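Chemist: Listed below, chain by chain, are the residues.
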Amino acid sequence: MTTADTALFRPRALATGGLAAVRRHPLILVLAAMVLVFQVSTGSFLAPANLSGIATDAAALAVVAVPLALLVISGYLDLSVGSTLALGGLVAGRLANEGQSPAVAVLGALAVGAAVGAVNGVLCCYLGLSPFIVTLGMLTAVRGLDQQLFPLPLSGFGSGFAWLGGATIAGIAAPVVIAALVLVAGALFLAFAPGGRHVFAIGVNREAAHLSGINIRRTPFLLFVATGVAAALAGAVKASVLDSVVAGTSGAGFELTVLTAVLIGGVALTGGSGSILGVLLGVLFLGGLQNGLTLLNVPTFWQQMAQGTALVAGAALAYLAPRTGR
Amino acid sequence: MITPASSSRPTASRRRFLTLTAGALATTALTATACSAPAKATASAKPSASGGKDLTKIGLDYPFTQLPLYSTLVRLSTAAAKKHGISLITTSDNAGADTQATNLRTWVTQKVPAIVSFPMVFEAAEPIARQALDAGLIWVTYGGSLDHQSADIKFSFSKGGTLLGEAAAKWAQQKLGGKGKIAFLTDSTIELGRERTKGMIDAFTKAAPGVDVVAQEQAIDPDTGLSKTKAILARHPDLNLVLGVTDAAAYGAFKALQQAGRSTDDAKTFVGGQDGAAPSLLAIRQGTFYRASAALAPDDIAAAIVDVPRAVAAGKSHPSVEVPIALVGPGDTARINQLLAQNA
Amino acid sequence: MTPPNLRVHGLTKSFGGVTALAGVDLTVPAGQVHALLGHNGAGKSTLIKCLGGAFPPDSGTIEIGGTPYARLTPRESIAAGVAIIYQTLSVVDALTVAENIFLGQEWTRYGRIDRGAQEEAAAGLLKRVAATCSPRDRVGDLPTGQRQLVEIAKALSRSASVLVLDEPTAALSGAESDALARRVEDLRTEGLAIVYVTHLLSEVERLADAVTVMRDGRVTHQSSVTGLSRGELVTAIAGRPHEQTVRPAPNSARQATAPRLVVEGLHGPGFGPVDLSVGEGERVGLFGLIGSGRTRLLETLFGRRRSTGGTVRLGERAVAPARPAQALAAGIALVPADRRAQALFPPLTAQDNVLLPSMRPLARGGLRALGTERRVFGALADAVGLRPALPGLPAGAFSGGNQQKLVLGRWINTARQVQVLLLDEPTQGVDVGARHEIYRVVTGLAEERGTAVLFASSDPEEIVALADRCLIVAGGRVVGELSGASLTEQALLSAVHDRAVSGTAVHDRAASGTGGTADVAPDQHADPGADNDPGPLAPPAEGAA
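Chains as they are written, first to last, in the UniProt record's numbering: chain E, 1 to 326; chain V, 1 to 344; chain W, 1 to 545.
With the rest of the complex left out, here is chain E:
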C-alpha cells in the first residue's frame, strides 16, 4: 500500500509507476469510466470550460483533503474543518472589507485557522483526548464563534481580494494553482521528508514509533495545525470566489465531504495507509460526479440516489480490488 505511494515519486520507479498506480488505485478506472459515461452522454463534460469549472470547484476540497489525509494516516481525525473554513472566510472577508491588503486578509485567516488547529492538536495529541469527540465539539464551538463574531453576511470584498479566487495564472485559475501546490507539497512531504515516513509509522504502530524515538505527539500536532490552516485557506478562497460569506452556513457539512474524498481515495480511517494520489482521485471523483449529474440535468432525488450509489460502488471497487489481488 504505502510502498507504492512513495515509489510513485521516486524517479527510478516512475516508469513503472503508471501501471502500478492503476493496480493500487483502481479508483483511476472508476474515474475513467465515469468520465467516459459523462462525455458520451452529455458531449460537454470534457469541454475545457467545464473541466476548469470542476477543477476550480474541487480546489477548496483538495486544499483541505491533503493535510486531513496526512492526519488520518497518522491515526487521527479532524471533523471541525467545516466551521474552521467558515471562520477563515469570515476573517479574510472582514479584513478585506476593512481595506487591508489581500495578503494581510489571507494571513489573518491562516492565523485563526492555525489557532483552531493548535487547540485541536493540544487536546488530542498532548492531552490524549479522543479526536472524534474533540473535533466534533470544536465543529460546534467554532460555528458558534463564527456566528457570534459575524452575525451578518459579509460581501463586496473588492477587486484585490477577488484575485485569490478569480485570477488566472498561465491560464489556470488561482484556486487550482493553490490546490496543485498543496497536493505537490503533500506528496513531496510524504516521499522526501523524514517526517513523512514518521506519519505512516505513527499511524501503523504508535507504540513502536514511540520506542523508535519518533516524536509521536509533535508530528500529529503539526498536522492538526496544518489542517486548520488549510481549512482557513480554503475558506478564504471560497469567500473570494463567491465574494460573500455567511457565518451560519458557509462550509456546513464540508467536514464530511472532505472526509469522504479522503476515504474514497484509499486512506484508511484506522491510520497507517494512504497516498496523495489517492486523495487527488477521490477529490476528482466527487467533483466530477456532481458536475456530470448536473450536466445531465438529472432530477434532484435521482441525483441523490445516483451520487450515493456511485460513491458506494466506487468505494467498493477501490477497496475490494487490491484485497482480492493480495
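Simulated from the structure, these hints should not be mistaken for lab results. Since the model is a prediction, treat every value here as computed from it, not as a measurement. All C-beta atoms, glycine included, are put in the ideal place defined by N, C-alpha and C. Be a bit skeptical, because a hint or two may be false.
Stated by the list, open to error - Some chain W residues near chain E, calculated using beta-carbon distances under 7 Å:
1. Leu142
2. Leu314
3. Glu316
4. Val319
5. Ala322
6. Ala325
7. Pro336
8. Gln342
9. Ala343
10. Phe345
11. Pro347
12. Leu356
13. Pro357
14. Ala363
15. Arg368
To be verified - Computed beta-carbon distance windows for the label pairs:
16. E:Asn297 / V:Ala135: 35 to 41 Å
17. V:Ala334 / E:Gly160: 43 to 49 Å
18. W:Ala341 / E:Leu269: 35 to 41 Å
With the hints as your guide, set chains V and W onto chain E.
Modeler: Leaving out everything else, chains V and W in the frame of chain E:
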C-alpha cells in the same frame, strides 16, 4: 465546489442543510407594511389568563440560528418588545427539531406567557401548542398555522416566486424579444421550497413561453448555485436568465456568470432570487445583472412577533397577520437602503 | 488403562513465515495429569489455543472423547468438553460467582433466570473445588486463587472432560498454589484429562503422570514422569546435554574493560533496587521467569518507564531518560520483546522499518538522503543476512527471524552509534537459523564496536549462547550471577526453578546443582516471598509467548 448540499455523503448533513434553507424560505416572505390581513381567528384565540393586558414576556422560538436573519430578528424584536415594556427571551434550537421540541416543552412548563414559534415540523408542534393553550398561555404560530393556536404570522411562499417569475418574464419579453434560455435553481425537498419553486416556474413559463428552460437544479446555498450554474454554462454558454429559490443560490449563479466572462452589467443577462439577502441587495443597488430579489423587511416581522401576542392578550378579534411579499429591483434604492439598514 | 480422552495427532500451525507447531502429537488419558513444558515461544500457547478453538490448525487432528476434529470453533471446543483456564482469567469481575459459572448457559424458569437454582448448583460446584467463596460474592472482590477456582467450577459445570491449565500458579501465593495442587489431584481422581502447562519442575514432580517438552514447535521429549530424574528433565528442556551447547569462548577479559553502563540502586514500580554494570563490549544476560521484572528494568533504562530512584551512568555521564527519544539520543537503544506490538511496522517497507529513526539525522536540508538510506540498508542487509534482501518489501511479509533482523537493524546500522544495546527476548518467535545469525550479529557488535549489550531471556540456551555473564532475576531484583564455566543451562534452570519452589537463595542451589562455585556471586539476599506474587510485576510484553 463540492457543496455540502449536493455532494454525495451521509444524508444527515444534507437534510440538516435543507432544513436550514427551509428557514430561509419561510422567513423570506416580505411585506411592505405589517397590515393585518384578517386571517382566521381560531376558536382558542381568547384572552389568556396569564397574559391579559399586561403582557411582560414573549418567548421567540426561531429554530434556524444558523441564518443571518436570526440575529437580525432577535435584535429587532427585542427592541420592539422593549418599547412596550416586554422582555423577549429566545431558544437556541440550532436547527434541531428535537432540540426545538425540548425547548418548547420547557417553556410551557415554565409558563412563559406568550410563545411565538416557527415549528420545524408542524405535526410535532401540535401537541405542544395544545399543552400551551391548556396551560392558559398564548401560542402564536410563525410561518404557518396549527389546529391549536392563539393566532399566527403567515407568509405566502409561492407569492415571492410568482413575483420574481413575472418580473423576469417581463424583462425577457422586453430585452430578449421573448426568446432565450433560462435555468432555475430550485428546491424540491420541503413544502416551502416546492411552493416557491412552483410559483417561480409557473409564473415565468406562462408569461414568457418562448424562453427555453434548459435546467432545473436543486440549489439553495451559494456554493451549489455556483457549481451548478458553471455546469449548466458548460452546456449552454448562451444562458440568459437564472432564477433562484433563494438569494444565496442566485448569488452563486451571479458569480458563476461573471467568472464565465459576463460583464457585471451585461444587458442580456438576468439573475434574480428570493430572500433580500444583503449581498444580493448590494448587487441590485450597484446596477448589475442581478436584477431582482423578493426582499424581506425584518422590521415588519419583528413588529408582528411583538404585536400579534399583544393583540391576543388584549382580546382583539383578528390578531393574526399575513405578511405579503414584494419585489425589489434596481430602481428601489431607497427601499434597498432601508432594508440594508434593518439588517445591519 | 483408561482410553485416551485427548489425543492430538500431527498438529501443525504456522503464522506467516513462522512455524508455531510442527506435527505435535499428545495423548492424555482420562485420570492423568500431563505436564507441558518448554520455553516461551516453544509452541505451548499455540497448542492450547488450537484446543480452545482460538485458531484453526493447518493440519492434524484433535480427538476428544473419541471424536476427531480437524478444527474447532470456541463453541465446539466447549461443547466437546474442553475447558481452558488461561493465565489471564476470563471471569467477569462485575458479576457474582454464580452468574460467572453459568454465564452463557443460564438456567431459566418461565423465561427468567432462576437465581436460586443457579446459586444452589454453584454452591455444590464450589464445594467440589474446595473454594471458600460464596455463590453471591462479586468475583472482582475475590483473591486470584478463588477466582481461578471459580473458573474451574465453571468448567466443571459444563461437564468438561479435558481441563487445560496454563501456568496456573504463576499468579498465586504459596498457600494458594498448594491448595490448587490438591484440587488438581482431586480432579484427576474424578477422571478428567488434565494438561498442565508450567515452568516449574517441582510442580511436574509433584503432580504430573507424564510430561511433554516442546521446543520450536516440536515435541522434543515425551515420557512418563516416574523414574525421570530432575537432571534428565532439565536436559530435556534445554534441548541437548549441556556439553554440546554451542558457546562462544567466554571473554573473561571483558570483566576488566571499562564499565559502559552502570546502574546503581535503580528502582521503579515492580522492580529494584537493582545494581549492575555492563562493560565495553560485554554481553550480559538477565535470566528469570515471567514476571521477574526484567522487562520493566530494561524499559526503565530506555526511558519508557519512569524510575522512582537510583542512578544510571553511561561511562562517566549520568543519564535519566524520560522518553525513549532521550535514551536514544544518549546512545541507549532497546529491541522490545513483543515485536508485533512494540517494534514492527508491518505494512511499511523493510527499508523504512530499519531507517525510520535515522532518516532525520541522515537528511540534508530537510530532505531525505535517499541514496545514503539505500546504501545503509544494503550494508545492513548484508551484515545481518536479511532474506530476502529487498528494501521495498513490506516488513510484514518477512519471516519472524528476518523481521527481528529488521528491528535489530534499526539500531546497529552504519547510520547509528549505539553505546548500549538493550534486548528483551531477542529471539522470541524466531526460527533456529535466524536465531544464530542474530547471536552472531550481536556478538560482532560487541566485539567490533565495543557496544555494551544487556539482554533479557527466559531461554537458558540463549543465555548460554549469547552472554559473557548472566544475572539471575527474581522478584524484580538481581539474586545471583553466573559466568565463565559455571554458566550452563542446567545451572540456570536449577537456579530459577529450585528457587521458585523452595525459596532457597539461588547461590546454594546453583552451587550444589552444577558443582560450579567460583562465579556464583549473589549480590544481595533473595527475598523468598518476592516472586510468589509476580502478578503486578508482570509487564504485558512478557506474557506473550
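Chemist: Evaluate each hint against the coordinates.
Modeler: Here's how the hints hold up against the structure:
no. : hint                            : result
1   : Leu142                          : violated, 32 Å
2   : Leu314                          : violated, 16 Å
3   : Glu316                          : violated, 24 Å
4   : Val319                          : violated, 14 Å
5   : Ala322                          : violated, 12 Å
6   : Ala325                          : holds, 4 Å
7   : Pro336                          : holds, 6 Å
8   : Gln342                          : holds, 5 Å
9   : Ala343                          : holds, 5 Å
10  : Phe345                          : holds, 4 Å
11  : Pro347                          : holds, 6 Å
12  : Leu356                          : holds, 5 Å
13  : Pro357                          : holds, 5 Å
14  : Ala363                          : holds, 5 Å
15  : Arg368                          : holds, 5 Å
16  : E:Asn297 / V:Ala135: 35 to 41 Å : violated, 52 Å
17  : V:Ala334 / E:Gly160: 43 to 49 Å : violated, 31 Å
18  : W:Ala341 / E:Leu269: 35 to 41 Å : violated, 21 Å
The structure shown violates the earlier hints numbered 1, 2, 3, 4, 5, 16, 17, 18.
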